[in-house]
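Single-letter residue listing:
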Amino acid sequence: MKRKVGLLLLFLSAVSTGFLPAYNGQGAGNAFAAGAEEKGDAIALTETEWKAPDQMAAQIRAAEEVPFVGKVKEECLCVRQQRLRDKGLSTKDITHRYFLLDSPLIRKEEDQYGPVRFMHSKHAAVLKDCALCHHYRPVDPEAPETTRCSACHQESFQEEYPERIGLKAAYHLQCTKCHKDMQEGPVGCTGCHKKNVPDHEKLVQLPEKPEPTQVTEECLRCHQKAGEDMLSSAHWLWKGHSPYTMERRKEVLHGKGTTVINNF
Amino acid sequence: MTEHSPCPVQAKFWTPGVVLLAFLTGCGAVAAAARFIGGIGYVSHLSTARPWGLWIGVDVASGVALAAGGFSTAALAHIFGRHQYEPVVRPALLTAMLGYTFVVLGLLVDIGRSWAIWKPVFNWNLNSVLFEVAMCVMIYLHVLYIEFIPIVAEQFKGKVRIPGPLSALNPLIEKLLTVADAVLDKIMWIFIIAGVVLSCMHQSSLGSLMLIAPTKLHPLWYTPILPLLFLTSAFAVGYPMVVFETTVITSSLTLDSEMEILTPLTRITIFLLGLYMLLKIGDMLYRGSYVYLLDGNAQSNSFLAEMIFGVILPWCFLLSEKIRKSRRGLFITCAMIVGGVVLNRINVFLVGYRPPLTQTAYFPSIGEILVTVGLISCLMLVYRAAVTYLPILNASRKEVQV
Amino acid sequence: MNLTRRNFFRLAGAAGAAAAIKEKPAYAWQSKAPPDPYGCLVDLTRCIGCRKCEAACNRVNLLPPPDVSFDDQRVLDEKRRPDERTYTVINRYYSGKTDDRDQLIPTFVKVQCMHCQDPACVSACIVGALSKKENGAVHYDVSKCIGCRYCMVACPFEIPAYDYHNPLTPEVRKCTFCYERISEQGGRPGCAAICPVEAITFGKRSTLLQLAKDRIKKNPAVYTDRIYGEKEAGGTSWLYISAVPFEKTGFIPVPSEPLPKRSESIQHSLFSYLWSPIALYGILGGIMWTSGKKGAGEKQAPGGEK
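If you read the sequences in order, they're chains A, B and C.
All residue numbers for the first sequence refer to this note's numbering, where the first residue is 9 and numbers rise by one.
All residue numbers for the second sequence refer to this note's numbering, where the first residue is 43 and numbers rise by one.
All residue numbers for the third sequence refer to this note's numbering, where the first residue is 264 and numbers rise by one.
These aren't lab readings, by the way, just hints derived from the structure by calculation.
Please note: incorrect hints may appear among the correct ones.
To be verified - Here are the computed lysine-lysine pairs in the DSSO-like style, where the Cα-Cα straight-line distance is at most 27 Å:
#1 Lys258/B x Lys295/C
#2 Lys188/A x Lys467/C
#3 Lys130/A x Lys59/A
#4 Lys342/C x Lys233/A
#5 Lys511/C x Lys258/B
#6 Lys130/A x Lys95/A
#7 Lys524/C x Lys295/C
#8 Lys81/A x Lys342/C
#9 Lys233/A x Lys116/A
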């Protein structure tokens, strides 16, 4: 009993801080909203869902298929930087400020994470050096000086171009290497990606008007570990490691585990 | 020599020793049952790094080595025509037959899919050393059974009396025995030679098994001549094993000591064991593996024990005429040789086997030990029963004279 | 005593004859490696230890769920080995190199079957349940297996694992190189397909070797000048390149001679066409015949030894 209510608390706090999929905006979050509120509201919410126009444009652009650039002009970074400078290319010439890195090439094998939202102009403004990312250009002199990643990086393991890495690896290697070198920007998975949480509308099985304990039980069905973790946390025990609390005392006089039996 | 011919032993069967053997056999049966209910992992300490343990090292490798008495005495008495050794041929044959039978039983426990043990007969991998060993052991086991038929025939020919509902089969079995005995008498030489050839093949190949794992077997044992060492050690252990078991049996059943055969038998061993010793020491010097001798770890100690107590010391003892003539001295010497060869097999398959990645120590579990002890006890029990019902051991001279 | 001596000379003569015949069938061992197999090149400088390959392997091979989730990075605190439920694992090593913030730089090493060109397990397998396929995979056929575990003894990389807790139908379990998947056009192993940084490059082994050499040549300061798997055990389908020396990241030295070479050479030179057993049989038969003739005369007066 104790444990179940503990998880309910955890769940509520997670939803309220936007940590759990309530933040997802697509179905899963609404399922929770429906569980907590009246159903009518939830339907109304999906109908009036608003999408930013640049997001729509980015989605369309991400889905585009680009002709593959086979041969690239191999040159060292300095030469490339110099040439871009000579041509006078700079952040002003940016055509797209925002990308959704969501090519169908990437989602071929798996779909565990949401697409990365890449702030092109922000990166350009900070770096002020196009050549850092646009490292090579097509050999074809007619081709534009810089092109999108997915022109050169498409399928992985192409027999004719064994060294050419696939799009997914290109993104990951380029982004994380730079983030690491610059000691700025995320390097972990969830720093850039939203983890694709499975649709809980289908997973959660609850009666019409569930009791709070039923909800907790249902959560624990899959998230047993989370429930156990909660029980060993200071949120549940009201005691534990909190080095940043001012005037903290080691002994606990009141509260759960001491004078109070009821959890509330 | 008519007064000294093989006949069934007339001693009391259920002695305390036999009861103990039966008890140990029961324990082994329980452990084996546990293996077939819970799996190999349930009773053993085998792992990914140590796929072969006590069952292969002792039940199979040592079992095959110690059964070498069968082919070496058969070769001596029948092929080289030394008929004065006839009295030890039958017990040695029985030991070999039972030994190989229990090698197969041990294998049935050890291999994961015991019911599939027939599959090598139809799926040949001619590159596999183990395939050759398996084929030889399989054929040799049959050869041993064929070699044993005359002994059975001698005892039961003309007196097959199966009671109860199966009595209808009596004339048929009678006929079969007579025919088999008559036919085998003519063609037995085929099987005797085949037995020796097959033994030479798989005794040596048993050593070749480890040639494929140069990174795993300790350099004290890993040598390209491992098959030759296995073969010569099998030659060397054959007669000492016969001495060992004959002495144990004749003293426990109070029969004649047979020393007048055993002493000359071990003269041959001086040469055979000497050859093995020379090869082993020469190989060690040639490959320079003596640098590991004083490492002080389990491997080096075990190697030293194997060489000193199992080969060099007993060889020196054998040189002494006095020891060879003394029953106790000869017994101890031969026991040391037998122990040395068993230790060699254990060293090659267990102690010296050190997978470089996972250096976890292996020690057999209670279950493994129980199965092994059970198998050996069962073997001794069957041996005891066989000598009770079949003409294998020589009756005491006095007894017959009375 | 004379007899013993005579027999000894006979034996010596027989051995000499056997040795003389032995010279004849000069058996030259030949590699049975497929000419153009697939392989994988693992670039340890790229691997970030995300364990996605472990998860993918588990999924595509329908393996049982792991004890600890594939997202849990704490399993990297200890060194693991592939087992009967896990065909591949990632291990983390610290070579002592530090970055500019004095943080130790980890090296992640993927461990799985190396799919040797001349696999010891294939040579060892008593029934031929293991076979090296044209596409490079070392394939296991459970229908032939008897469970002798000689493959596990033979494997220098200690890869094959066993269902020790299955009493009747245990299997040898190891990385399959996703044999069915790579047999299809454009198919690739689960781990290589999912790797987010393409630390695993899938392709023809010859291409990968060239690729590895190019990478080392282009970045001599980054890579150690060695391709693990190029020569190890006579060459393996899986290849590794690394920034830190291989000895520091759990790779063991393996002889460059194919492991089956020695045992197969000895076996075949001794037993091809069963020449040696037949020769021995003839020699022993001859001895038996001569001694039998003599024995008939001697039987009445058994003398000699005593």
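Now for the hints, and whether the structure bears them out:
1. Lys258/B x Lys295/C: holds, 23 Å
2. Lys188/A x Lys467/C: At roughly 32 Å apart (the allowed maximum being 27 Å), lysine 467/C and lysine 188/A break the hint.
3. Lys130/A x Lys59/A: holds, 21 Å
4. Lys342/C x Lys233/A: holds, 24 Å
5. Lys511/C x Lys258/B: Holds: lysine 511/C and lysine 258/B sit about 20 Å apart, inside 27 Å.
6. Lys130/A x Lys95/A: holds, 22 Å
7. Lys524/C x Lys295/C: holds, 10 Å
8. Lys81/A x Lys342/C: The hint is violated at about 43 Å.
9. Lys233/A x Lys116/A: Status violated; Cα separation ~31 Å.
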